[in-house]
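Engineer: This is what each chain is made of:
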Amino acid sequence: MSATALLFTLALLGVFSYWLGRKRSFAVVDGQAWKLHSLPSYYGFYTAIWCGVPALLITGLWLFFEDLIITHLVVGQLPADVQSLSPSRLNLVVNDIRNMVSGNIVSVDVDPTMQAAADHYIQLQDISKAALTVLVLIMVIMGGLYALRSIRKDKQARNAVERVVKVFLIASSTIAIFTTVGIVFSVLFEAIRFFETVPITSFLFGLEWSPQMAIREDQVGSSGAFGAVPLFAGTMLISFIAMVVAVPIGLMSAIYLSEYANKKVRAVAKPLLEILAGIPTVVYGFFAALTVAPFIRDTIGSTGLDVSSESALAAGLVMGIMIIPFVSSLSDDVINAVPQAMRDGSEGLGATKSETIKKVIIPAALPGIVGGILLAVSRAIGETMIVVMAAGLSANLTANPLEAVTTVTVQIVTLLVGDQEFDSPKTLAAFALGLLLFVVTLILNIIALHVVRKYREQYE
Amino acid sequence: MGLPKYTTDIVRAGLEKRYKREAHFRRLGVAAIVAGLIFLSILFVSIIGNGYTAFWQTFIQLEVHLDASEIDPEGTREQNVLAAANYGGLVKQSLRDMFPEVESRRDKRKLYSTVSSGASYMLEDYVKANPEQIGNTIQFWVPADDDIDMLMKGHFDRDKPESERRIKDDQIAWVDKLVAEGRVESRFNTIFFTAGDSRDPELAGIWGAATGSFLTLIVTLLLAFPLGVATAVYLEEFAPQNKWTDLIEVNINNLAAVPSIVFGLLGLAVFINFIGMPRSAPLVGGLVLTLMTLPTIIIASRAALKSVPPSIREAALGVGASKMQMVFHHVLPLAMPGMLTGTIIGMAQALGESAPLLMIGMVAFIVDVPGGVMDPSTVLPVQIYLWADSPERAFVERTSGAIMVLLAFLITMNALAVFLRKKFERRW
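Chains A and B are the protein sequences, given in the same order. First residue of the first sequence: 1, per the numbering used here; consecutive thereafter. First residue of the second sequence: 1, per the numbering used here; consecutive thereafter.
Isolated chain B, as found in the complex (with noise of 0.2 angstroms):
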C-alpha cells in the first residue's frame, strides 16, 4: 500500500469503522428507548395481569329457612328485635343441611369457612328490608371466604400435596360439589367498589379510601389553587426586584425538590404536634399536600402569566384600567388554562402521594367510610400499601384492582390537564 498520497485517503481509510461507530451509537439511543418502554410495559402487564380479577367475586348461594322461632318468635317485625337474631346460626344451618356428611367440630369449623364472615350481615341486612319472607326458605347469595375466591380463580394449584395447599381436599370436594349443583357464580364485585377495608379480603373495598381521598384531595385544591395563583400573579406582575423577592423564588425552587417525607414530618411535628390537629384526618392531609404541591402551581402558573404578551397588559393600562384590574381582567383570564392545567398536574401528583400521610397518622385500619375532613381516613395510595402489607393471597390481586383504579383516575386527571393544553393553547 505504501504511504496515503492525499488526506482523503486517511479519512476514507478510516471511515468504515467511523460509520460502525454512528451505528453502534445509534443502536444504543434505540436500545435505551426500548428499555424504558420494556419496563413501562412489564409494569403495567405485572399489575393489570394480577389485578383485573379483582373485578369479580366468587359467590355461593345458600338455601336459608328464615326459622320465625329463630329470628322473630313473638311476630312484632320490629327492627330491633330482627337485629337481634342470630343470622350466623342460620347460614351455618343451612351449611350443614347442604352438606349432612359433615360431622366432627373441625370440619364443621372448616364448612362454614368456605363463606365469607359477612354472609350474616347480608341475610341480617336483607331480612330486616324485607321481613314478609320470614318463615319461608329463600335461595340467598353470600360471598365466598377469600380462599374459596382463589381456589376458583384458579391461583391455587390442585395438584400440589394436600399439606402444601392452603385449602384441603374436603374443602375442595365441598366446593365441586357446589359448583356441580350451579350454586357458585362469578358475579361483578360490587363490594370491591362500595365497602370500606376489612380485614376479610372479600369483604374489603376501596370506597372509605376513595372517600378520603376525594376528601384530601378537595382541601388540597380550595387552598393550593388560590394561594398558587396569588403567589404566581404577586412574583410576576407586582413584585419589586429585590432580596426579598428573590428570596421567595429561591424558597419556591427548594420546595419542589424537596423530599415528601419532610412535608410529612413538617405536618406531624406542626400541625398535630403544635396547633393539636387531630390525626389521620383529610383536613391534615390536605394541609400537608397543599404545601408539597404548591410549588408546582405556582412555577406552572408564572409559565403561564409569562406567556401573556406585554402587548395585552399595555393595552388595557392604555385605556384607564389599573393595575390591579389590568391583571385581573385580562391578563389572568389568558393565563386561565394554563394555570388549570398545571393545577391539574399537581392535583394529580397529590393523589398519587403516601409519604407525607403515613407521617400524620392516615395509615390506620379505618373500616368507616369518612363523612368530613375532621373523620379519620386513609388515601387510595395508603390503601394500597396497607394491602401489599397483608398476607392473605386475595390482597394481591386486590392491591392489582386499587393500582388500575388509582391510575386510571392519575390517567383522566393528566389526559385533561393534556386536552386542556391543546385545546386553549394560544401561540401569540
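Extracted from the complex, chain A is given alone in its bound form (with noise of 0.2 angstroms):
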C-alpha cells in the first residue's frame, strides 16, 4: 500500500475502533453507563489511540529511514569498481539509478549493472512498502486487542486519554524552541565550515566581494573574494533610506491618529494604512522596479546627476514604504500607553496640544518608540524580494543613494538559486550570510522587545 492509503486505513480504523471500545465499555456494565469510571466515548478514544498513535510512530520512523536503508543496500550491491567511487561521483551514480527507478531520463546509457541496480531498487521498495503494511496491520490489532481487553468498569480511561493529549500539547509548544534550534545549527554548521576555507576576520573586515569560483586552477581571479563589508553599507544604506522615509511618516501618522483625528477619521485612515502591511513583498519589489526606478533615474537623471536604474535610493524608498504600518502601529500602541492623566496635566497647565505631544507624550512614550524602530530596523534588514528585484548585485562600496548596491539578502537568494553543490565555499558563504543575519536581527529584536517591556512595566 502507498502511504497515502497507508494513512487513510488507519484513519478508518481509527474510527472503527473508537465504536469498538465504545461499545465494549457498554459491554461490561451491561448498558448501565453510570458504572462506569469514565464517559463511554472516552473508552472509544482509548481504544482508537492504542490502535493509531504506535502504528502512526512505526509508519513515521519507517519512512524516515526507508530510502537511507534501501540506498544503503543498493549500494552494497554494486560492483567494487563503481563502489570504489569518491562520495561524489557515488551519489551521482545513485541518482541516476533513482531517476531509472522514478522512470525519468537518465544521464547516461543504460548499462546493464545500473538496470540491475535499478530493478534491485525496485525490489526493495516493494518489499518495504509490503513489510510496512503487514506490520502496521499487526501493531493495530495488536493495540486494539490490548485496549479493548482492558477495558474494564472501574478503568480509568479519561485520565489516560487526557495524558495522551498533554503529552501532545508540550510536544506542540516545544516546537518552537526546535525551530531556533534548527536555525541556529543549520545556519551554523554550514557558516563553521565556511569559515575553515576563508577566514572569519577577512570575512567580516574584507573589502571586496566576489563570490566567484574558478572553474580551472589556473583561472585569473580564481580566489574568489568574500569580504562582506560593501554587503553590510549596502544593507546599511538601504534601511537607513527606508528609514528616512517610514519613521516620520509612520510616527507623525500614528500622532494624528492618536491624538488628533475624529473617530471617523480614524475608522478609515488605518485600516488604508494597513493595507500596505499586508501587500507581498514581491509586489513591492515589481512596483519598485518598475515605477519608482525608472521614475528616479528620469527625474533625478534629468538635473544631470548620474543615477544607476538600480539605485539604492529606489529600493530604499519603496522599502520605507512598506514599513510605514509597522512603525505607525507600534507607535500608536505606546503612544495610546501612556496615560491620560499625563495629557490632562498638561493641557491644565495652558500648554497646546503640539506641546503636550512634543514636551510631555514622546517623551514619555520614547523608550516603546525606538523599541519599535529597532523592531523595524531589523525588519528592513531582513527584508529581500524588494532589494532582490529592485537593487543591484554588484558589490559596490558607496554611501551614495543614486549607485547601485547590494545587500546581505540579495546575495543570499542569488548565492543558492539555481543548481549547487553543496560544500563549495559560494554556496557555504550564503550561510555564513544567513548566520550573521540571523544573529544581527536577534540581537535587535531583544534589545527592543527588552526596551519596550521595561518601559510598560512603568505605567502598569
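None of these hints come from the bench; they were simulated from the model. You may find that some hints are simply not true.
As the list claims (entries may be wrong) - Heads up, incomplete: computed chain A residues facing chain B, CB under 10 angstroms, no partners named:
#	residue
1	Ser186
2	Val265
3	Leu290
From the three backbone atoms N, C-alpha and C, an ideal C-beta is built for every residue, glycine too.
Two independent chains are provided; combine them into the complex using the hints.
Structural biologist: Here you go:
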C-alpha cells in the first residue's frame, strides 16, 4: 500500500476502533453507563489511541529510514569498482539509479549493472512497502485488542486519554524551541565549514566581495573574494533610506491618528494604512523595479546627476513605504499607553496640544518608540524580495544613494538559487551571511523587546 | 510698550506664535497620513494600470484547410495518427494563403510569428476532438503572438522609426489588413487563468502557480493550525510558571521577528539536505511556511484564550468537569473565532511569502500543473517574481495581472478575518 492509502486505512481503523471501544464499555457494565469510571466516549478514544498512535509512530520512523536503508543496500550490491568511486561520484550514480526507478530520463546510457541496481531498488521498495503494511496492521490489531481487553468498569480511561492529549500539547509547544535550534544549527554548521576555508576576519572585515569560484585551477581571479563589508554597507544604506521615509511618516500619522483625528477619520485611515502592511513584498519589489526606479532615474537623471537604474534610493524608498504601517502601529500602541492623566495635566497648565505631544507624550513614550524603530530596522535588514528585484548585484562600497548597491539578503538569494553543490565556499558563504543576518536581527529584537517591556512596566 | 505687568500679558504675546506652531504640527500629521495614502494609491494605480489588459488577449482568425492527405492519409481516424500530423505546417500554409505576396524566407518567418507558437497544438486538439472536420476548410481562432498582442493593446508606438521598434512596418501592415478583414478580435484571456507557465507570454497562465500555492497552503494550514492552537492552549491553560515556559515564550516572540529568508535557509539545510525531501515540492514549502506562520497563530490564539473570562472556567470546574474537559468543551469553542481570525491572517501572510520558497527551489520553470504535494511546483508570488524578471514587454502586464489576482485573494482573506471578528466578537 502507498503511504497515503496506509494513512487513510489507519484513519478508518481508528474510527472503527473508537466504535468498538465505546461498545465494549457498555457491554462490561451491561448497558448501565453510570457504573463506568469515565464517559463511554473516553473508552472509545482510549481504544482508538492504542490502535492509531503506535502504528503512526512506526510508519513515520519507517518512511524516514526507508530511503536510507534501501540506498545503503543497493550501493552494497554495486560492483566494487563503482563502490570505490569518490563519495560525490557515487552520489551521482545513486541519483541515476533513483531516476531510473522513478522512470525519469537518465544522464548515462543504461548499462546492465545500473539496470540491475535499479531493479534491485524497485524490488526492495516493494518488499519494504509490503512489510510496512503488514507491520502496521499487526500493530493496529494488537493495540486494539490490548485496549479492548483492558476496558473494565473502573478503568480510568479519561485520565489515560487526557495524559496523551497533554503530551501532545507539550510536544507542540516545544516546536518553537526546535525551530530556533534548527535555525541556529543549520546556519552554524555550514558557516563553520565556510570559515575553515575563508578566515572569519577576512569575511567580516574584507572590503571586496566577488564570490565567483574558479572552474580551472589557473584561472584569473580564481580565488574569489569573500569580504562582506560592501554588503553590510549596502544593507545599511538601503535600511537607512527606508527609515528616513518610514519613521517620520509612520510616527506623525500615529500621533495624528491617536491625538487629533476624530473617530471617523481614524476608522477610515487606519485600515487603509494597514493595507500597506498586507501587500506581499514581491509586489513592492515589482513596483520598485517597474515604476519607482525608472521615475527616480528620469527625474534626478534630468538634473545631470548619474543615476543607476538599480539605485539604492528606489529600493530604500519602497522599503520605507512598506515599513510605514509597522512603525505607525507600534508607535500607536505606545502613545496610547501613556496615561491620560499626563495629557490632562499638561493641558491643564495651558500647553497647546502640540506642546503636550512634543514635551510630554513623546518623551514619555520614547523608549517604546525607539523599541518599535529597532524592530522596524530589523525588518528592513531582513527584507528580501524588494532588494532582490530592485537593488543591484554588484558589491559597491559607496554611500551614494543613486548608485547600485547589494545587500546581505540579495547575496544569499543569488548564491543559493539555481543548481549548487553543497560544499563549495560559494554556497557555504550564503549560510555564513544567513548566520550573520540571524544574529544581528536577533540582537536587535532582543534589545527592542527589552526596551518596550521595561517601558510598559512603568505605567502599569 | 514697556515691561509687561502680568504673566497673562507674556502668555498672550506668545499665543499667536504658539497657535501657528500648533496648526503647523497638525498639518504635518495630516501630511503624513496623506503621504501614506498617496503611496498606496500610486501602488494600486500603477499595478492596475499595467495589469488590467492582461485579462484580454488578441486572437487571430485563420482559414485552415484540414487537408485529409496531410493529417490522416489512410482515413483511420486513430488518435495517434492524428497526433503525428504536421499541424504547424497547416497553420503556416494558412498564413501563406492569406498573404500570398510574402515571398522571401525571412519575411515568411516573420509572417509565421504573428500567431502564437501554441497555435499548432490548439489545432491538433481541435482536430482530435472533431475528426469529422478533416477535409474541410475551417475558420479557426488562435492567439496572436505577444508582440502583436502588445501592438493591438497600444503598447508599441507606431510613430517611432522602424529600427527602434520591435514590430516592423510589414508586420503592422499585415495586422492592419487582418483587422480590416475582421480577423482580429480581443477576447477574455482564459489561457491566463487555465494554463501553467510558459516562455511565450500569450501561452503563460497562473493556474499552475495557483495550484502550487493552494497545495502549499493546505499543508501549512493542516500543520500550523493544530500545532499553533495546541501550543497556545498549553501555554495559556496548563503550563506552569517556570524557566522552561519562559524559554518557550521567548523563542516564540523571537521567531515572530526572524527574517523569513532565514526560515528558507533552515528548510534548505534540514528538510532538503538532511532529511532528503524533494526540491521544489509544495510539501517542503508548506513545512517552511508552517514554521514561519506558527508564531502569528500562537500569539493570536493566546490572545483569544486570554479574552475568555475566568468565570467560564470556574463554572465548568465547579460542575465537575476535568481541566481538559473545561478547556476543550468550554474555553476552546469560545476562543475559536479569535483563533480562526489569527489563522486566516497567518495564511494570508504565508500566501504572499516568497523569499523562503526561493531557497527551497520553488523558483524552477515549471510548465505542468502540480498534481500533488510531492510534485515540483511554484507559487503565485514566486511566479510573479519569475515573470517580473522576463524581458518580454507582454510579461509586464501578465505580472501585474497575476499581482491583481494575488491581491484579490489576500483582500478576500483579510476581509473574511475582519468579518469573522466583527460577527463573533464578544464583550464579556
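Engineer: Please go over all the hints and tell whether each is borne out by the structure.
Structural biologist: Results of checking the hints against the structure:
no.: 1; hint: Ser186; in the structure: holds, 3 angstroms
no.: 2; hint: Val265; in the structure: holds, 8 angstroms
no.: 3; hint: Leu290; in the structure: holds, 7 angstroms
When each numbered hint is compared with the structure, no violation occurs for any of them.
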